[in-house]
Structures are given as C-alpha cells and as structure tokens.
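Participant: Protein sequence lines correspond, in order, to chains A and B. Numbered continuously in numbering that gives the first Met the number 0, the first sequence closes out at residue 288. Numbered continuously in numbering that gives the first Met the number 0, the second sequence closes out at residue 258.
If you're looking for bench data, these hints aren't it; they were derived computationally from the structure. One or more hints might be untrue.
Stated by the list, open to error - Cβ pair distances, simulated, as ranges:
(1) A:S264 - B:R30: 58 to 68 Å
(2) B:T142 - A:S189: 22 to 32 Å
(3) B:D138 - A:A102: 44 to 54 Å
(4) B:A175 - A:R271: 38 to 48 Å
(5) B:R128 - A:V41: 52 to 62 Å
(6) A:S114 - B:E245: 32 to 42 Å
As the list claims (entries may be wrong) - Sample of chain A residues lacking proximity to chain B, with all beta carbon distances greater than 12 Å (derived):
(7) L55
(8) L139
(9) G145
(10) E241
(11) L257
(12) L261
(13) L274
(14) S275
Said to hold, decoys possible - To spell it out: a stretch of chain A is covered by chain B in this simulated footprint if at least three of its residues, at any positions, have a beta carbon under 8 Å from a beta carbon of chain B; those stretches are:
(15) 106-113
(16) 175-181
(17) 224-230
For each residue, glycine too, the CB sits at the ideal point set by N, CA and C.
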Amino acid sequence: MKRAMTHPQEASISSGGSARGGVSRRIRWRAILESRASAWIVPLSIVAIWQAACALELTPSTLLPSPLAVIDAAWRLTLTGELPRNLGVSFLRAIGGLAIGGAIGFIFGLANGVSKISEVLADSTLQMARNIPHLALIPLVILWLGIDEEAKLFLVSIGVFFPIYVNTLHGVRSVDPQLVEMARSYGMPSRELFRQVVLPGALPSIFVGLRYALGVMWLTLIVAETIAAQSGLGYMAMQAREFMQVDVVVLSILIYALLGKLADSVARVLERVCLSWHPAFQRERGGAS
Amino acid sequence: MTIVETAVDARLAPGVSVRARNLDKSYGAKRVLSGLDLDVPAGQFLAIVGRSGCGKSTLLRLVAGLDEKTRGGVSFGESAASHARDIVRVMFQEPRLLPWARVLANVEVGLGERRGGADGREQALEALRSVGLEDRAKDWPSTLSGGQKQRVAFARALVSRPRLLAFDEPLGALDALTRVEMQRLLETAWLRDGFTALLVTHDVAEAVALADRIVIIENGAISRDIAVDLPRPRRRGAVEVAELEEQILDYLLGDAAGR
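Put together the whole structure using the sequences plus the hints.
Facilitator: The following block contains the structure:
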C-alpha cells in the first residue's frame with residue numbers, strides 16, 4: 000500500500016522508467032518469496048542439486064542413489080505391496096502409541112493441575128521418571144514384551160506421555176485466576192468451570208505439548224523398529240541395508256521426513272481450528288475488526 | 000428483561016438489603032477492616048469512597064463472598080441463610096471476559112442455570128442491546144475496545160438479574176468520555192431494574208454523580224456517612240453537585256494534611 004503510493008513521486012524524481020520497473024520487479028519477487036509455496040524452494044533445490052551430482056557421477060551410486068533411483072525404488076516397492084504394508088504398520092503404531100500415551104499424559108496433567116492431592120501423590124514420581132531417557136528402556140522392554148506390537152506401543156506411549164503431561168499441567172496451572180474467580184462468582188458449577196474456563200485456557204499450552212510429542216513419537220518408533228521389529232519402515236530400512244539396497248534405505252529416510260512434516264501440518268490445522276479466538280491466529284487470517 | 004417480567008417472579012424480586020456487622024479482615028498482621036458496621040436498604044445506590052488502601056475493595060469482596068472474613072457477618076434481606084453467590088454479582092476493575100467465547104456466549108455466562116433455556120439466548124441478546132453492543136454478538140472479545148469489553152461485562156452482570164450489584168472500580172481504566180457514557184448506562188440500568196448497587200470508587204465526582212448515599216472509609220471503618228439528596232439525572236458541573244464534591248474532597252484531603 001505504502002509502496003504503491005510513493006510510486007509516482009519516485010518516477011517523477013528519477014524521470015526514467017527503469018527505476019520504476021526495478022521497484023515493481025522487486026515487489027513481484029517479494030510476493031513470490033512470501034507465498035506459501037516458496038517453503039518448497041529450498042528442499043526442491045537440494046533434490047535438484049543432488050540429481051545433478053548423481054547424473055554427473057560426482058558421487059558413487061553404491062553409496063548415494065540418485066533421486067530418480069529412489070523414486071524408482073518407491074514405485075517398485077509400492078507394486079510389490081511392501082511399502083504400503085510397512086507404512087501402514089508404522090502409521091498404526093505411531094497413532095496407537097500417541098493415543099494411549101497422550102491420553103494418559105493428558106489425564107494426569109489435568110488431574111494434577113486441578114487437584115492438589117493428586118499432584119502431591121503423583122507429580123514428583125513423574126518428574127523423576129521423566130528424566131530417564133525412554134529409549135534406555137529398550138533392552139528391558141524387549142525382555143518383558145519381546146519384539147511384538149506391545150513393545151513398540153509401550154515405547155511410543157512412554158515417549159509421548161511426558162511432553163503432553165508437562166504441558167497440560169503447565170496449561171491448567173497458568174489459567175488466569177481472575178477468570179476462575181469471575182466464573183465462581185457467577186455460581187458456575189465445577190463441571191462447567193472446567194469445560195468453559197480451565198480447558199480452553201490450557202489449550203494453547205496443550206498444543207505445544209502435542210507438537211513436541213509428535214516429534215518424539217517418530218523418533219521413538221524409528222529407533223524401536225530399527226532395533227527390534229519384524230515389520231514397519233525401520234525394519235524395511237534395516238533389511239535393505241543387509242542386501243545393500245541403498246535406494247530403499249534413502250527412501251525410508253525421506254519418508255520419515257515427509258511423515259514428520261505431515262504430522263506437524265495436521266497439528267497446525269487443529270491448532271488453528273481450536274484456537275481461532277486467539278489474537279495470534281486472527282492476525283494470520285487478516286481479520287482483526 | 001423488563002420490569003414487568005422480573006416482577007412476575009417473586010423469588011427474583013430486585014433489590015436486597017445488606018447488613019454487615021462487626022466486620023474484621025486481616026491479612027497476616029495487617030488489619031484492613033476493623034469492626035465495620037454497614038446497613039444498606041434495598042434498592043439503594045451506595046458509593047464507597049476512600050484513599051487507596053483504605054479497605055474499600057476489601058469490604059466489597061467480603062460482601063460479595065469472594066474473600067473470607069476474619070470475623071463478623073454479612074446477611075442479605077430477611078433470610079439470614081442466603082448465600083452471596085446467589086444474590087451478589089460483581090463487576091471487576093478488569094472486564095474478565097472469556098477470550099475463547101464470543102461476545103454473546105460471554106453474556107450467557109451470566110444466565111447461570113437458565114443458560115440453554117428456551118429464551119436464554121434472547122435474554123442475553125436483550126442485555127447486549129441495552130448496552131448498545133448487539134451488533135458485536137458474534138465477535139471475539141479481543142476485537143473490542145476497553146470500554147466495549149466493560150459494557151459486555153455489564154451486560155453479563157445484568158442478565159444474571161442481580162439483587163445486589165457490586166462495582167469494584169469498573170470504570171477506573173477507561174478514558175474520560177467512555178467513563179461518562181458508562182456512568183449513564185449504569186444509572187439507567189439501576190433505575191430500570193431496581194437492584195441494590197454498591198460502587199467502590201476513588202473518583203469522588205463519580206460517586207456524587209451516581210449515589211444516593213456516600214460512605215467514606217478510613218482506617219478500616221466508616222468515618223463519614225453522607226446522604227446525597229440531589230435530583231436525577233444529575234448534571235455534571237451543577238452547583239449543588241460541585242459543592243458536594245468539593246466538600247468531600249476537602250474532607251479527604253484535609254484529613255491527609257492533618258495526619
């Protein structure tokens with residue numbers, strides 16, 4: 000807006016069309032760079048450089064397959080059904096673990112945030128357990144549960160439990176006490192108070208926990224599948240290593256990256272829907288009035 | 000919400016008398032209120048003024064049941080058993096709107112158990128209309144100005160059909176024009192609905208403009224009790240209004256000089 004208004008002035012001072020063209024070209028570039036699609040410029044350039052390096056045989060193809068070879072591997076494994084099957088298995092494990100661990104963490108977070116007794120009984124124990132790296136439990140989990148589904152579900156659940164627990168607890172605790180006092184003075188019963196004041200107030204913090212948990216979820220799953228599994232993406236990558244199928248190994252890694260991005264995008268959409276009242280999200284939509 | 004409608008239900012009869020006896024409140028070693036007695040007849044508009052830290056807000060919080068008293072008692076009307084929560088509504092210095100609820104939903108908080116009832120929404124809209132914000136019903140509170148937020152809070156208090164409405168300096172943070180506008184709104188609602196009003200303020204002009212009676216609190220007790228017998232609506236700058244305001248200010252300031 001401002002830029003457009005200074006236009007005629009600039010043109011009259013410089014008395015030439017070239018300066019004017021330069022400014023508008025700069026604006027056009029800016030518009031392109033600020034658009035959403037430009038987030039893909041960097042990753043796509045990396046892939047392009049990678050392809051060029053492989054085509055020019057700058058890298059040995061036995062160690063780093065070209066992007067086209069990876070796509071070829073994806074197509075091949077899709078046809079045999081191996082990729083969709085392993086992808087599905089991993090996805091179910093991730094979601095299952097997130098649902099179980101997330102739900103337990105959420106409930107503990109709410110309970111300890113609302114009830115003093117619950118907090119005294121549970122919080123210090125949980126804070127101690129939080130400092131154990133959950134991946135250190137792998138040997139024990141294999142001994143207890145073998146390498147079946149339970150083992151993976153257990154590890155992912157433990158992994159996502161803590162970020163959700165800690166952030167839910169923090170969210171409930173940081174609900175504005177003035178709002179709680181207002182609601183009580185209007186005689187709001189506890190159930191309504193929770194539904195209308197405490198939970199919405201804690202939600203922004205809970206979302207922070209969820210997004211953090213998503214990262215932990217993939218990390219845990221990949222490690223667990225790489226070490227002890229008979230199916231899943233991690234297993235597929237380890238099998239491929241045995242047979243020196245570098246393209247499949249690289250394919251698995253790329254799929255992790257895409258899945259991670261996908262999970263984050265889903266969380267963002269949820270956030271935008273649930274927190275549409277938040278001034279930060281209203282500005283993004285450009286409708287403050 | 001019309002007068003006829005409220006009069007139909009005897010249980011919701013507007014205006015309740017307040018009786019506070021020998022009220023004591025201490026925070027640790029600091030004694031904020033000591034042996035305070037106060038009687039407010041039903042439907043009276045009482046202003047409580049005093050220097051900051053004199054205990055006027057504490058008195059309001061005790062009457063509203065927001066804080067526990069150290070000693071003494073507060074009762075409403077004839078029945079001693081009734082609880083402050085069912086009778087008193089408070090307008091705080093801050094609007095205290097739920098940021099995640101639309102303006103209308105915020106007003107509906109005041110409906111309490113009547114929320115979700117057949118005409119609950121209609122009553123909330125009516126209250127919003129009475130403060131002139133009907134067209135903002137679907138907006139988020141964060142898009143309103145400070146004065147508009149306070150008007151929504153006022154609509155929320157009105158829709159709860161208060162028998163005693165306590166104001167804890169609700170206009171303190173507003174600009175001069177919005178203040179005058181809010182004062183008029185407040186007076187109109189009080190005249191229409193007939194609730195008992197308790198206004199805590201440090202603005203003497205505001206107290207003189209609105210109240211039937213002004214009490215001055217000093218050292219945790221009532222030091223002056225002044226009946227304001229001026230016709231309404233009171234014009235700002237009218238001679239009697241200005242004289243009374245001057246008199247109270249002199250008292251408050253003279254007292255400070257003497258100490």
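Participant: Could you run down the list of hints and mark each one as holding or not?
Facilitator: Consistency of the hints with the structure:
no. : hint                        : verdict
1   : A:S264 - B:R30: 58 to 68 Å  : holds (59 Å)
2   : B:T142 - A:S189: 22 to 32 Å : holds (30 Å)
3   : B:D138 - A:A102: 44 to 54 Å : violated (34 Å)
4   : B:A175 - A:R271: 38 to 48 Å : holds (40 Å)
5   : B:R128 - A:V41: 52 to 62 Å  : holds (54 Å)
6   : A:S114 - B:E245: 32 to 42 Å : violated (55 Å)
7   : L55                         : holds (56 Å)
8   : L139                        : holds (43 Å)
9   : G145                        : holds (46 Å)
10  : E241                        : holds (53 Å)
11  : L257                        : holds (33 Å)
12  : L261                        : holds (28 Å)
13  : L274                        : violated (8 Å)
14  : S275                        : violated (8 Å)
15  : 106-113                     : violated (count 0)
16  : 175-181                     : holds (count 4)
17  : 224-230                     : violated (count 0)
Comparing the model with each numbered hint stated earlier shows that hints 3, 6, 13, 14, 15 and 17 do not hold.
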